[in-house]
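A.B. asks: So you can see what is in the structure, the chains are spelled out below.
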Amino acid sequence: MKSKTPMLLLVEFRESFFMAMGAVRAHKLRSALTLLGVLVGVFSIIVVMTAMRVLQNNIENQIGRLGSQTFMIRRAPGVIYNQPQGAGKIARRKNITLQQGLEFQERATFARSVGLQTTFWAGEIDTAHKKTAPDVQMLGETPGSFPARNWTLGEGRLLLGVDVDNARDVCVLGSGLATNLFGSSPPAGERVKIDGINYTVVGVLQPNGSSFGGEQDNFAVIPITTGLNRYGGDTWRSLDLLVQAAGPESYDDCVEQSEGLLRALRKVPPGEKNDFEISSNDSLIAQFKSFTFALRIGVMLVSSIALLAAGVGIMNIMLVSVTERTREIGIRRAIGAKKRNIMLQFIMEAVALCEIGGIAGVIFGIIGGNATAYFLKMPPAIPVDWVVIGLGMCSLVGIIFGTYPAWKAANLDPIESLRYE
Amino acid sequence: MNFLIELREGLAISWSAIRANKLRSVLTTLGIVIGIVTVTLMAAAIAGLDRSFVKSISFLGADVLYISRVDWFVNSNEAWVKMARRPEITLAQIDRLREKFPLARAIAPVTDTYRTVQYKKRNASDVDITGTTEQFPFTSSISVADGRFFSASESEKGRPVCVIGSEVATNLFPEESPLGQKISIGRKPFQVVGVLEKQGTFLGMSLDNQVIIPLAQLLGALGNYSEYSIRVKVSNVADLENAREELRATMRRVRHLAPTDPDDFSINQQDQILTIFHKVAGTIAAIGLFITGLSLFVGGVGIMNIMFVSVAERTREIGVRKAIGAKRRTILLQFLTEAATICLIGGLIGLAIAWTATFLLQKIMPAELSPMIVCISILVSLLTGVISGFLPAWRAARMNPVDALRNE
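Line by line, the protein sequences are chains U and F.
Just so we're aligned: the first sequence equals residues -8 to 412 in my numbering.
Just so we're aligned: the second sequence equals residues 3 to 410 in my numbering.
Quick list of in silico lysine-lysine cross-link-like pairs, DSSO-like style, CA-CA up to 27 Å: (1) F:LYS123 / F:LYS200; (2) F:LYS190 / U:LYS85; (3) U:LYS19 / U:LYS399; (4) F:LYS84 / U:LYS122; (5) F:LYS200 / F:LYS365; (6) U:LYS280 / F:LYS281; (7) F:LYS184 / F:LYS159; (8) F:LYS159 / F:LYS190; (9) U:LYS184 / U:LYS122; (10) F:LYS84 / U:LYS121; (11) F:LYS24 / U:LYS330; (12) U:LYS264 / F:LYS123; (13) F:LYS24 / U:LYS399; (14) U:LYS121 / U:LYS184; (15) F:LYS281 / U:LYS368; (16) U:LYS329 / U:LYS399; (17) U:LYS19 / F:LYS24; (18) F:LYS84 / U:LYS184.
FRET-style restraints, in silico, Cβ to Cβ: (19) F:PRO373 / U:PHE355: 28 to 38 Å; (20) U:ASN48 / F:MET85: 24 to 34 Å; (21) F:ARG246 / U:PRO177: 50 to 60 Å; (22) F:LEU407 / U:LEU387: 38 to 48 Å; (23) U:ARG410 / F:VAL404: 23 to 33 Å.
I should point out that these hints are in silico values taken from the structure, not numbers from a laboratory.
Think of the CB as a built atom: it goes at the ideal place given N, C-alpha and C, for glycine as much as any other residue.
Please work from the sequences and hints to get the whole structure.
C.D. replies: See the structure below:
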């Protein structure tokens, strides 16, 4: 007997399922309207979550430009948000100077590479043939920055130590800028004029990832020393340090050692807080996620309300359905169906209704959400986790709001119900 | 007259129908209640945010123009790079502007810095130190609560006097009057001559953590150097656009621009912030109302569904009414009234809940349930009933009386 129980349960499930589908088909309009309620509820959750996922992916793409196991040290955080010590204190921090940077570079033997970088100027770049729009950035870098920023060589060569030591007038172009200026002809060895000074192009970088919309790789890289000589500002300009750890396992050590080293170089007394900020891809993305967390929860709550309304609708229609089918219930009970069977049948019916509506809602939601991706020219996204959550919520709604009508059906007196009209 | 009687009859029938199926009516109404509550609360929250923003921005003044080197809002990298190269505004230019621009009621150059302010053992950090002239109060919404603003002669001679914001006053002088005391800003002593009234916050920044000193002091004693902006209060708000054009022309002359040169300065005003805010807020409102509107839609679908059931159940009743002479219109009206009544009741209950919930909401964020929103909510709930009730009512109205009477 015991071995039969799971088998029986399965049969019962199948039977209930077919009966549910039969009931759904018997009342097409009614079922369609009930479905529509759930559909809209799930749609509202999925459409918003898909749209947010699209935006999130895009933003992660934008900020996740650093190489692997790389972190950046700068004087002040990029976004000053709820700083306990106040913005003014950060503004008074001492700059990270070239001397500090070079010393750091020399002594940071634990890191695979250390790069210094800063942005010197932005404007238009001329060649003998062409002129760009005035939004090209000129960055000052050292050879260590290239692996840290995930820049790989396309053609020619990268900056070398000699270029930095001798502050030579050479530059490496981002791929977007190179194509813009030179088209398909090889740029290496050509001369470009940046802010009135001629630089020799020694190399071009490979296109960096794929980001939709917005111009990418629109920059020129010169040795940091060249820029500092020309634009000055060792006194007022603060450099950024890019540190790449040797491997994933030594990353945390590397962060800690860099922190200690820089504290020593900047003579921060023990017990004082750091007078610089360390940020990595992960910390930036985590910051973004925590920023949007409240928003996502709020949206989910508001969207779920529609599902609640749909649940009330289901309960209502199930109650009607139970009343109408009183006779059927009576007959089933009379030929031996248990209360449990009746209960299962009606809950099954509610859940089936919800799930059909839910699946349709998910499909429409994903289409609707990705319409934003299409209009904003971003890659589409499918929030798998939210699809699962949405469908789960559907079943939950079906069970919660189907239980009372099912209970009512199960507790009908078989004799009375047979006699029903 | 006939119509009125029909309506009254319809109301009476629908009321008894609603009472006949209590649980069903309650659940249907609940669907509408949920929808109306969410939509109304969303509208209240949006209205509240809007009002609080507009209020918080009023410190800029509707009749004040702000001249600065760059625009307040720059939306492209290219434009930013171009603006960053504009020459700075100098004090000499401000003097010349004052001579040449008679339309202004007041002109005040402003520049500021952040310093720590000390009094005896107490200090306040990150205080916004503003350097300006005696004209400043006319160009802003500040008012002096206690004491006075510094005078024209103090401003001209660069006396070490200051007017402090209410937050600085409470921080540094918890129990004595600040007037006449000497506070030190960047280790230089300044005599407090006035305390400002509380202004509140803008975008989370306190406007009261502020000290105002004569411009010459900021340049001399504190040795601060940052860019100037100029506040110009026009004499007639109605003439703001003309004044703006006039000001632009004067600034061009002051900065010696050739007729073909583009402006190398920007004139900003409160409206710009409001326009941008309304754009953003409009989008948020549209999305928010759309999402909450969906739950109202679901409620409406629920009503339609239950009305179809109700029509099917009452086929006989419809047949009898038709047989004894009820017109299509009468039947249509009867069921429409039923749907509309349910929705109206739902809407009223929803409003009552939303009204209470608004008070709770106000504890976390600004929210405002205006009479306008209330009216719209009632109208919307009535409309939901009419729209979702129409198809079932139409089906009932078009029934063939013979078939309907024969129905089981």
